[in-house]
Structure formats: structure tokens, C-alpha cells
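Chains as they are written, first to last, in the numbering used here: chain U, 1 to 465; chain W, 466 to 637.
Worth flagging that the hints you see were computed from the coordinates, not collected in a lab.
There could be a bad hint or two in this list.
When the alpha-carbon atoms are kept at most 20 Å apart in a straight line, the in silico EDC-like pairs for lysine to aspartate or glutamate are as follows [said to hold, decoys possible]: (1) U:K423 / U:E320; (2) W:K490 / U:E457; (3) U:K423 / U:E354; (4) U:K64 / U:D134; (5) U:K422 / U:E320; (6) U:K439 / U:E390; (7) W:K493 / W:D580; (8) U:K64 / U:D91; (9) W:K571 / U:D450; (10) U:K446 / U:D266; (11) U:K439 / U:D450; (12) U:K439 / U:E289; (13) W:K493 / W:E475; (14) W:K571 / W:D501; (15) W:K490 / U:D266; (16) U:K422 / U:E457; (17) W:K571 / U:E188; (18) W:K493 / U:D266; (19) W:K490 / W:D580; (20) U:K446 / U:E457; (21) U:K422 / U:E354; (22) W:K493 / U:E457; (23) U:K423 / U:E390; (24) W:K493 / U:D450; (25) W:K490 / U:D450; (26) U:K64 / U:D29; (27) W:K571 / U:D144; (28) W:K490 / U:E445; (29) W:K571 / W:E523.
Since the structure is predicted, the reported quantities are computational estimates derived from the model, not experimental observations.
Residues per chain are reported as follows:
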Amino acid sequence: MRADLLTDVVDGLDEALAAVDGFDEALVDGLLRPQPAQAVGLAGLADAVAGSPLAGRVAEAAEKTAAGAAGEDHFVALAAARTALLGSVHDALLVRVEEAVGRPRAEAGGDTAAAGGAEHAVNLHVAARSWLCDLARAGWRGIDHELVSGAAAVVSAMLPEPGLRRLATLLDGFAAELAASCPGATLEHVPVRRWADLWSRAMLLTLPGAGSAPAVADVTGRLLPLGVDVQEHATAVQAQVHAVFEPADGGASRLVRASVSAPKPDSVVGAGLWQLLRPHLSLLAAVSEGRAMELDAMPVTAEGDLLWDDARARTGEPAEVFTTARVALPSAAASPTAPLDRHPARIAVPVLLEGYGVEEGEDGPAFLVAGERLAVDVDRVPAAGPLTPEVVAGSGACVGLLRWDAGAFVLQPLAVERTVRKKAVAVHAGAWAGGTSDKAGVRAEKAATDTVTVLRERAGRLLRK
Amino acid sequence: MGDGALSVWERSSTARVVPSARPRKLAKVPFVELADGRLQGVVSSGSDIGRVYVSSVEAGTYAFACSTNNNRPCGGARGSFCNHIRALIGEAVLQYGAERVVRYLKVDVPGEEADAHTVTGAMVSTRPAQGDSSAAAQVFSRFLRHLAYLEFEPTTAPLPEMQWFPTTRAVA
Ligand SMILES: [Zn+2]
Numbered sequence: 001m002r003a004d005l006l007t008d009v010v011d012g013l014d015e016a017l018a019a020v021d022g023f024d025e026a027l028v029d030g031l032l033r034p035q036p037a038q039a040v041g042l043a044g045l046a047d048a049v050a051g052s053p054l055a056g057r058v059a060e061a062a063e064k065t066a067a068g069a070a071g072e073d074h075f076v077a078l079a080a081a082r083t084a085l086l087g088s089v090h091d092a093l094l095v096r097v098e099e100a101v102g103r104p105r106a107e108a109g110g111d112t113a114a115a116g117g118a119e120h121a122v123n124l125h126v127a128a129r130s131w132l133c134d135l136a137r138a139g140w141r142g143i144d145h146e147l148v149s150g151a152a153a154v155v156s157a158m159l160p161e162p163g164l165r166r167l168a169t170l171l172d173g174f175a176a177e178l179a180a181s182c183p184g185a186t187l188e189h190v191p192v193r194r195w196a197d198l199w200s201r202a203m204l205l206t207l208p209g210a211g212s213a214p215a216v217a218d219v220t221g222r223l224l225p226l227g228v229d230v231q232e233h234a235t236a237v238q239a240q241v242h243a244v245f246e247p248a249d250g251g252a253s254r255l256v257r258a259s260v261s262a263p264k265p266d267s268v269v270g271a272g273l274w275q276l277l278r279p280h281l282s283l284l285a286a287v288s289e290g291r292a293m294e295l296d297a298m299p300v301t302a303e304g305d306l307l308w309d310d311a312r313a314r315t316g317e318p319a320e321v322f323t324t325a326r327v328a329l330p331s332a333a334a335s336p337t338a339p340l341d342r343h344p345a346r347i348a349v350p351v352l353l354e355g356y357g358v359e360e361g362e363d364g365p366a367f368l369v370a371g372e373r374l375a376v377d378v379d380r381v382p383a384a385g386p387l388t389p390e391v392v393a394g395s396g397a398c399v400g401l402l403r404w405d406a407g408a409f410v411l412q413p414l415a416v417e418r419t420v421r422k423k424a425v426a427v428h429a430g431a432w433a434g435g436t437s438d439k440a441g442v443r444a445e446k447a448a449t450d451t452v453t454v455l456r457e458r459a460g461r462l463l464r465k
Numbered sequence: 466m467g468d469g470a471l472s473v474w475e476r477s478s479t480a481r482v483v484p485s486a487r488p489r490k491l492a493k494v495p496f497v498e499l500a501d502g503r504l505q506g507v508v509s510s511g512s513d514i515g516r517v518y519v520s521s522v523e524a525g526t527y528a529f530a531c532s533t534n535n536n537r538p539c540g541g542a543r544g545s546f547c548n549h550i551r552a553l554i555g556e557a558v559l560q561y562g563a564e565r566v567v568r569y570l571k572v573d574v575p576g577e578e579a580d581a582h583t584v585t586g587a588m589v590s591t592r593p594a595q596g597d598s599s600a601a602a603q604v605f606s607r608f609l610r611h612l613a614y615l616e617f618e619p620t621t622a623p624l625p626e627m628q629w630f631p632t633t634r635a636v637a
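Okay, chain W solo, but in the shape it has when bound:
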């Protein structure tokens, strides 16, 4: 502190801190987020329309977990990333951009071009441990909370606070 004037960005009221999500198709992975120190989300089952998988990868350790919304362990997630987790990483890269995913998960991608393939490979190559699926219930409830955002009534009373959140053409 006190080490000189603030930069233009630091003095901006409307600086963009979190870029907008990029549009992506949701059919396979309806929910993905970088939150609570994890990449986490929900992957629709390919065979059962009423079943979803709750998948996550922890930042730093890449400890992974995958189970159904009824808390049954995923058969594919023994020993290494299952297809649900791979799909989750792919969609996270689409939604947030590879750079943000790499930064959040603290992945060391060899070479310069990070994409879903290299990010997944870099994490798998460290032979991450299977984590416990204790967070699954919380992730699923965050997904339900996310879905509930479609249900709130729009309003025509002005929200002056939104002046601090200008839209932006720049995406993640």
C-alpha cells in the first residue's frame, strides 16, 4: 500500500473482472463451473434420460470424482478420468477458454497451445488419485440452484446496480 498511484484498471468502476461465458451446446454437459477450488459439473447419461453424473476435478491435485445424482459411483472412474470427466473438461474449455481452465486448475501444459486434449493429458499424466465423492451432493444442489434461475420473473423496475456490469464483446 501507499506505493504510488493506482493504475487505470484499478481506478475503474466498470473493469471486467470475470469475462462472459462463451456460448456452447449444453446437450451433453448441461452444467460446468470453476468453483470451490474444483472444476465441477453435471454430465447427462447417454443411456438413461433421467440420470445425470456429477463429476469433478480438484485444482492442483486433480483428484477426481464421478457419481450419479443418486450417489452411485461411476464405473468408468476407477483409476483414471472417466468419459464424463473428459467431457466436462472439454466443455469447460469451450465455456471458459483453455487459459482460464489451466489457471484455475493449476495445470502445467507442456508446449504453448493448451486445448482440451492437452489439458486432460497433462492432468492424467500426473496419475491423480480418486477423490471421495462427498462434494457431489453440493455440486448437484448448485446445479439445481442454477436451473432455478430460469424460473424467476423478469422485472421492468430499473436495476441501477447493473451499471457496474456492462455487457462485453470480449469473452473468456
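If we strip away everything but chain U, and leave its shape as in the complex, we get:
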């Protein structure tokens, strides 16, 4: 990997992010009665997209908003402008990553046709958008319990609908954060970019078809797992398996992901997350057993997301992650990112690093790769697993996801190799995904089972069926 490219300046990045920051800071104090400094931020956003097809609508939106006269469509236009800017940041960063890792990118697949939404969904989208607009008017400094609790009814109505899961899960996590931060007036620090990210993303997901990512093909062949990435907020969890897919017809291999997610009570944590997800993605067991899987006509989206169906997969031969990373990863092509998903937070590129030095910093370990310092985000390694910061620090090879946040690239470890008595031993972040016989793991599984047992017993007795 050309690590030097990861620390080089990216042309235009600072300017684009400055325009984003200007808008984000305007959201802090709210857009009900904008002050001159906020008007400057709004105008800056409009200027940044002046050369794009959005120019006219965003200029009008910035002007109306600065005058305190914004309607919902104006807020949508501002969210779109911000998303487009971060989309360009994403593209520039991804080009840099591709140069650094030297892997091909697949051609764009079929069109991602937008699916029509049901009438019911339309009403819920309208309700969500109205809440988001109220938030924008109040600003992060203006949030209180009454305003924030307005999301609960919308989320409750959306969660049972699988087609609305994306927006429901986002709003649920976002509202929980806002609730924990109330009242906004006394907040010491505001997560300025984060909340503007969540707000603009939710705004765009209220538009018809925005959250749709249909399958564009069925694929048959061998799936070689690289590792598991876990994401969670208080009431949702998702596990994503990153893998190399080798088509049975001998075509070019590609990078894919398989996902499984579920809403959850906030007291289900740690090993309880694996227990919740395990029955719906047989791949998690294959990951724990160190095996490949054979896919038969598995649907895949244009972005390279497998829409997993256990009936179309069976467990295959043993497949060692570091062998996959050394042999199959270098020629596996990545899929293009869907338009709405073009955001730096979405960047998660599988890489293999070897022969690095380890430096212990205040913010955790960092790898020294060809003289460049690459921060390692050990905090992203799931707690219910054998991969600890100490194991990462003692490693000699690492399969991870290259990510970018707050102005710098970071590495999220998925697995490391270390030498024990002259033999290479691999430790995987997702080792317990399919179950474990590890002593600490068994204890964690037992505690998690007890939690769900109590909740189910209480639900059976108290929930009106």
C-alpha cells in the first residue's frame, strides 16, 4: 500500500469541507431567525454548488432561509446541497484510496430504479420531514424534550415496515442522541458535523424512492469472508461481513458485503447482538468456523451488497482470512457507491497491511506503514470477541477497513496475525459471531441469553397481544 498517498493533501477538500462547516454551524443556533453569521454560512453552501444543476434551487433556499422564511422544500434543497458536497469529498477520497491500494473498480452495474412508495409510507415520510424541519428551526442549541419526543410516534409506525427500516433506524438513533443531550441550551459541546450529517441524510430519505437499493443481478460462486464490521446504537444493530466473491463462471472477482440488522432493546448488548443476528445470516457461522460459502443465485445490488437468503447459500471449504487477503483480495474489484451513499463515513475499504511498526499513542495504537503513521481505531472492534487493543498492538499483519473521519484516514482492524512460538496465529474481531467455546465468550453468551429470557417473559406477560 502507498501509505504516503493517504497523508497527502487532496485538492479542493478543505474548501468543500469549509462550505459544509459553514452550513453545519448555522444549524447549531437554528434557522428560525438566522443571524448574519448564519446567513454567511448558508450563502457559502449555495456558492459551493453554484456550478451544479442544484444551483438555482439552493440559491433560492439559502436566501429564503437567511430571511427566516424557509419552507420544507428549501430545507430539502439545503440538505441536498450539503449531501452533494460531501459526495464530492467522498469521490476524491476514494480515488486517493484506490491509488494507495492499487485495486480495480468495477464498472457501474444496472440502473438503480427508484421504487414507488406506498400511500402509508408517504404519510410517514411527511411526518418525519415535518419533525426534521422543526429541528432545523430550533437548532441543536434549541432542542428540548418536547421537540425531540416528536420522533417517537413516527419511528414506532415505521419500524414494523421492512421497507421503511432505513429511515426508522436512523431517526431512532438520532432522536435518542438528541434526547440524551437535552436541553440543548446547556450543551457544552455540539457534535456539529455528525448531527448535520444525520439530519440531512434523514431529510433526503423522506423523499420517494431515496432509500431504495434493489437487486440488479443474481450471483453464483464462492464467497471468501474477510471479516465482520459491527454497528449499533441503543435500539438497533447491524453486522456486515466484507468478503471476496469469485463467480463460478470464471469472471472477475469482486468485493461484496452481506448484512443483517435488527431493532433491539437497549439492554441487549455484547454477545446478545450476535445471538439476535445469528439465526438470519448463516454466513456468521461460516466466519467463526473459518469457512467459505457457496452461493447459488444470490441477489446483489449495484453497490455490491448481497441481499442474503440462507436458502441460497451453503457452507463450503475451509478458507483462511489472511490467505484470502494475500491471494484473492488484490484482484477483487470494488463496486461503485450509490449516489445517496457517497459520503466519507461510508468509506470502508478492505486492506491487508504487513510489516508495519506499532506506536502506542494517547488515542490508542497506530501503525507505522512505510514511514507514515496510520491511526488504528480499536474502539470499533466489537467487545464480544477475542480481538483486544493489546492483541492489535502485538500484531505483525492486519486485515482491516480503511476509513476516513474528521480529516484523516484510520484503520479499523478486522483480524490480525501474530507470531506465537514461531507460528502465525490469526485473531478475528468477528470470531464469536457464529458462537464460541472461548471461556469468556461462553460467559457473555449465557448473560445475554438471560437478558433476552427475562425480556421475553416480561413481554409475554405484559404486552397485550
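Please arrange chain W with the ligand on chain U, whose structure you already have, making use of the hints.
Structure of chain W with the ligand alone, referenced to chain U:
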């Protein structure tokens, strides 16, 4: 505004705002939350398997309330915290950590080490008033909503939005 560049945390898309709950045993107190300006939750009755107590303590004033899910007042919560409320505080400290509970309820704990015992003592010593139990119905319905999260079908369609919510080893 406009007073200089944003900090790294302020410029982070994936900054952790709310730490994960710590694992705890749920048998006695199946539900606890810091919400609506209160510490509130549901405590299982020790004697009747079909009965639960809905208990709460208000931030700042520590006004307390405890009643059954059938809206009968708790006999123990006259004059001061009953055992249900004490159990609730204990489990909140386990789930969220003492620091977050202290901050949310605005408790002044003398000395430096806050734990369930000192937090409870600090609130009791201010002789808080008994609050009305009007919030009980709302707390109970939030508990039922919480239980309903076990019933939703998992999905294998990707949720790209979860990229903003990385798991974290750090807990409350
Ligand atoms: Zn009581």
C-alpha cells in the same frame, strides 16, 4: 459562532455521543432509562409475577413516585424512597455508570467516588417531596414499546445509515 475552527470531535461524523449501555442482570429491574428529565423504569414485584412497579425520580428536585402498573400507589414510597426506587437507582448506575446518572439527575455527591449508595444517600438527604404518579402510564407504555423491539423481524437488506453508529468497546 465563527470563533475559530471546529475541534476534531466536532468535525467527526462518527463521534460517539451516547455510550453503549453496560450489560446487567434484568431479573429485578427489567427496564431503566434516563429520559424526559427523570430516572424512570419498571421494577418487578418480588411476590406477584404478574405485577410490576413503575418508579421514577425527577432530575434536580428528586421528586419521586412509585405505583403498580394498575396504578395502585406503592406502600413503601410514603415520605421517602421505597425499595423499588432504590433498586432502580442501583441498576441505573450499573447500566449507565454513576457519572452519567449523577449528571442527568444533577446530584451533588460529597467526596469524589459516586456509587449507587452515595448517589441515593445524597438525594435522600435533601428530603425530596413525593411527586404525583401522573407519568406512570407514560413510563409503562415506554417499557412496552421497549419490549416490542424484540418482535421486529431482522432484515438482510443493508442499512447504510448504520455507518454513522460504529460499535464501541467503551461503555458508559
Ligand atoms: Zn415502590
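Evaluation of the provided hints:
1. U:K423 / U:E320: Holds, at roughly 15 Å.
2. W:K490 / U:E457: holds (14 Å)
3. U:K423 / U:E354: holds (15 Å)
4. U:K64 / U:D134: holds (16 Å)
5. U:K422 / U:E320: Holds. K422 (chain U) to E320 (chain U) sits at ~18 Å (cutoff 20 Å).
6. U:K439 / U:E390: holds (18 Å)
7. W:K493 / W:D580: holds (19 Å)
8. U:K64 / U:D91: Between K64 (chain U) and D91 (chain U) the Cα gap is close to 30 Å, so the pair fails against 20 Å, i.e. violated.
9. W:K571 / U:D450: Distance of about 33 Å is beyond 20 Å: violated.
10. U:K446 / U:D266: Judged against 20 Å, a Cα distance of about 18 Å means the pair holds.
11. U:K439 / U:D450: holds (17 Å)
12. U:K439 / U:E289: holds (17 Å)
13. W:K493 / W:E475: Cα-Cα ~39 Å, so violated.
14. W:K571 / W:D501: Holds: K571 (chain W) and D501 (chain W) sit about 14 Å apart, inside 20 Å.
15. W:K490 / U:D266: This hinted pair holds, its Cα atoms lying about 13 Å apart.
16. U:K422 / U:E457: violated (51 Å)
17. W:K571 / U:E188: Holds, at roughly 15 Å.
18. W:K493 / U:D266: holds (16 Å)
19. W:K490 / W:D580: holds (18 Å)
20. U:K446 / U:E457: holds (16 Å)
21. U:K422 / U:E354: Holds: K422 (chain U) and E354 (chain U) sit about 16 Å apart, inside 20 Å.
22. W:K493 / U:E457: It holds: about 13 Å lies between the C-alpha atoms, which stays within 20 Å.
23. U:K423 / U:E390: holds (18 Å)
24. W:K493 / U:D450: Holds, because 12 Å separates the two Cα atoms, which is no more than 20 Å.
25. W:K490 / U:D450: holds (8 Å)
26. U:K64 / U:D29: holds (17 Å)
27. W:K571 / U:D144: Measuring from Cα to Cα gives roughly 17 Å; hence the hint holds.
28. W:K490 / U:E445: holds (13 Å)
29. W:K571 / W:E523: holds (10 Å)
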